[in-house]
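Note that the protein sequences, when read in sequence, are chains H and W.
In case it helps, my numbering puts the first sequence at residues 13 to 593.
In case it helps, my numbering puts the second sequence at residues 526 to 746.
Do not rely on the hints blindly, as some may be mistaken.
[Stated by the list, open to error] Ranges of calculated distance between the beta carbons of each label pair, as one might list FRET restraints: (1) Ala-553/W / Phe-258/H: 45 to 51 Å; (2) Gly-222/H / Lys-569/W: 35 to 41 Å; (3) Thr-560/H / Ala-553/W: 27 to 33 Å; (4) Asp-655/W / Trp-72/H: 30 to 36 Å.
What the hints contain is simulated information worked out from the structure, not anything from laboratory work.
Note that the coordinates shown come from a computational prediction; the quantities given were computed from them, not determined experimentally.
Positions of the beta carbon are idealized from the N, C-alpha and C atoms, including for glycine.
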Amino acid sequence: MSDTAEAHAAHGHHATPSFISHYIFSTDHKMIGRQFLFLGLFMMMIGGTLAMMMRWQLAWPETAVPGFSFIPEPYMYSGIIPSNTYNALFTMHATIMIFFVVMPIMVGTFGNFLIPLMIGAGDMAFPKLNMLSFWVGLVSGVVMLASFFVPGGPAAGGWTGYATLSAKAQYTGVEWGQHLWIISLLIAGVSSLMGAINYITTIINMRAPGMSYFRMPLTVWSLFVTAILLLLALPVLTAALAMLLFDRMAGTSFFLPEGGGEPLLWQHMFWFFGHPEVYILVLPAMGVTSDMLSTFSRKPIFGYHAMAFSMIAIAFLSWIVWGHHMFVSGMNPLLGTAFMMTTMVIAVPSAIKTFNWLGTLWGGSIRLTVPMLFALGFVSNFVIGGLSGIFMASTPVDIFIHDTYFIVAHFHYVVAGIIFALFAAVYYWFPKMFYRRMNDSLGKIHFVLTYIFFNGAFFPMHFLGVGGHMRRIYNPLQYEFITPMHDWNVFITWSALILGASQIFFLYNFVYSLFAGKKTEQNPWQANTLEWSAPTPAPHGNFLTTPTVYRGPYEYSSPEVKEDWLPQDKNIGTQAAARGH
Amino acid sequence: MLQWLPEDVSTYGHEIDSLFYLIYYITAVAFILVTVLMVVFLIKYRERPGRRAVYSHGNTTLEIIWTVIPAAILIVLSFMSVNTWAKIKRNPPATDFEIKVFAKQFNWDVSYPGPDGKLGTEDDIRFDNDLHVPVNKIVRLHLGASDVIHSFFIPNLRFKQDVVPGRTIIGWFEATKPGKYEMPCAELCGFGHSGMKGWLHVHSVEDYKKWADEHLAPKPQ
Chain H
13 MSDTAEAHAA HGHHATPSFI SHYIFSTDHK MIGRQFLFLG LFMMMIGGTL
63 AMMMRWQLAW PETAVPGFSF IPEPYMYSGI IPSNTYNALF TMHATIMIFF
113 VVMPIMVGTF GNFLIPLMIG AGDMAFPKLN MLSFWVGLVS GVVMLASFFV
163 PGGPAAGGWT GYATLSAKAQ YTGVEWGQHL WIISLLIAGV SSLMGAINYI
213 TTIINMRAPG MSYFRMPLTV WSLFVTAILL LLALPVLTAA LAMLLFDRMA
263 GTSFFLPEGG GEPLLWQHMF WFFGHPEVYI LVLPAMGVTS DMLSTFSRKP
313 IFGYHAMAFS MIAIAFLSWI VWGHHMFVSG MNPLLGTAFM MTTMVIAVPS
363 AIKTFNWLGT LWGGSIRLTV PMLFALGFVS NFVIGGLSGI FMASTPVDIF
413 IHDTYFIVAH FHYVVAGIIF ALFAAVYYWF PKMFYRRMND SLGKIHFVLT
463 YIFFNGAFFP MHFLGVGGHM RRIYNPLQYE FITPMHDWNV FITWSALILG
513 ASQIFFLYNF VYSLFAGKKT EQNPWQANTL EWSAPTPAPH GNFLTTPTVY
563 RGPYEYSSPE VKEDWLPQDK NIGTQAAARG H
Chain W
526 MLQWLPEDVS TYGHEIDSLF YLIYYITAVA FILVTVLMVV FLIKYRERPG
576 RRAVYSHGNT TLEIIWTVIP AAILIVLSFM SVNTWAKIKR NPPATDFEIK
626 VFAKQFNWDV SYPGPDGKLG TEDDIRFDND LHVPVNKIVR LHLGASDVIH
676 SFFIPNLRFK QDVVPGRTII GWFEATKPGK YEMPCAELCG FGHSGMKGWL
726 HVHSVEDYKK WADEHLAPKP Q
């Protein structure tokens, strides 16, 4: 893992980096990408553990969670979770998974690592800002984790932080935990903004000669659209969080009716950010998946322009659907009708993407590699998550299923389903990032177990939701109408525990391959995109000479060459260069 | 999956349920279609020596078809939803039976009009977590909250409405079958959220009169 020698040789102007400037305060986008990856994987273990504790409580309420008797009272009672701790568990599980796992990995890691490599640039437009983005992000993570150790425990008002519950300490009994939650997310917003500005600037200005917008890989397109959404959505969250902090600490009443405030204002602001946020999370997963499906079907992506434009359409529509989170909130019901219409419309570009993925598989020469399996897993989960969304888009149906496990099932199929694209991306770009291959057999075992038990954990939640099982309840056995469904809760918990345990195959494979994996060849997947044309290990500055791009990224099985792949920067004569896709 | 919907005892619940079933069948067909195609393609087009993938960048006609069909289905679904939604949430019918439900951590505070016949006055008669109504009677609810947001949920009536501090929200239902139905809070409202619930008692007309005479009649001074 030493880029040092090559970097020095290739780019004399980059001074020999010391250990600190190479591994810690690095301005190299590739190192920053790796840093985000390690941060995200570490946080994933914490977020996952919180989920396992919750599942334990739901299956076997008020029994001791094995291995947790060390946690002092009143947070746990010799391993037994009390209700306020349970509320903190799901609040922190969601917050960590969204802001400190999916965002750092899908946006932070792959945005940083891939954008310059895939567009043929030497680095990001603002390398120092990029470094700052990671370190500010790390501070925000540390603040979030610190909230576990303050008196009263961490935030317990849900990741949605609905006012008035979140606006006064007396309502949850959590004082500093909620303060730190707000402060941490304010800091995380700054980190993401710096990243977003960097991505947008880099993509607009630093594409290699010939890399027109419509020759960019869909991964880059997805990160571009995501960065624009981040740039526009985060300020709204930041404003809402600042108002909430003032309500809590400075005696204002933005959200408190006794001072003339309005609790629903929080929901409007939160979801105005929150719905684009869903697409911030899922768009990069769609981009990565498109690249995998094309590469491993050895076939051009089906409908490249439709794929790019449907992402842009999703981005636009994501601004006018936030009210579908609020159908029964007390918002004017006429608005509910309007938001139902826009919500139904946003399902269309998602449907286009799904059918185009199928079209890509059609007539292919499909290689079921580990990244391909995970990409297909993402598609399969996204189909379920997308279809279940239609139920709650219909306002009357939402009256019944709102705030039930049907919703929990839906957003886990969409958002937790991203984990499949995330794993696909890690397996796929691991050779580029760490110059070694991950073990294939372990990867396949990891996929099969993850796929089975992911569905085992989340699919039956639909049944519970249809039965009326509310989300965020501590003990389902307190309700007579839920008690008969309890076997499903036990089944889900077993699936979730095995799902968690299966990740050991990934962890072992990842760590082992980091140090002792098989050395990779230059282009292990026979892919077309530019990152595989850069040397491996890529030096600080990436390319030895700036590549020239002759064609789109998906020219697989082209009749112009004997091989079934045709890299974007391969010059095969003037004819091909002029045609371009 | 279908038998999991709780029994419906309201006048409008069947409209929600039939929309639910309709979406269920549409999505089931879409799911099976996509899954079968995916599995068939994965088997049929698996990598084999000597065969090269089709070099195709797409097919505009196909893409238009699979854009227009889902769009048409979704638009029809929204129009089918509009009337039921308006009936339940936008146009509560007239009635002479009004009850106030005021949520506070972690109880439903239910009030009936007192001797003055008006809701929201000093002489209202209050109950904790018990709501008594006659069968086949339109009930208008005045929903409020004192501290945080709660959500008044009666699964068997397909009734759900968040209650928000600082405002009164009107809801309504008409129960069609006497019985005792659980009435949980569906919105996270603090450490006592789980277990915040009450009971809806739907009485036959005679039983309700008996109950009302006993509990709502003016107490002799």
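Taking the hints in turn, this is what the structure says about them:
| no. | hint | in the structure |
| --- | --- | --- |
| 1 | Ala-553/W / Phe-258/H: 45 to 51 Å | holds, 49 Å |
| 2 | Gly-222/H / Lys-569/W: 35 to 41 Å | holds, 36 Å |
| 3 | Thr-560/H / Ala-553/W: 27 to 33 Å | violated, 50 Å |
| 4 | Asp-655/W / Trp-72/H: 30 to 36 Å | holds, 31 Å |
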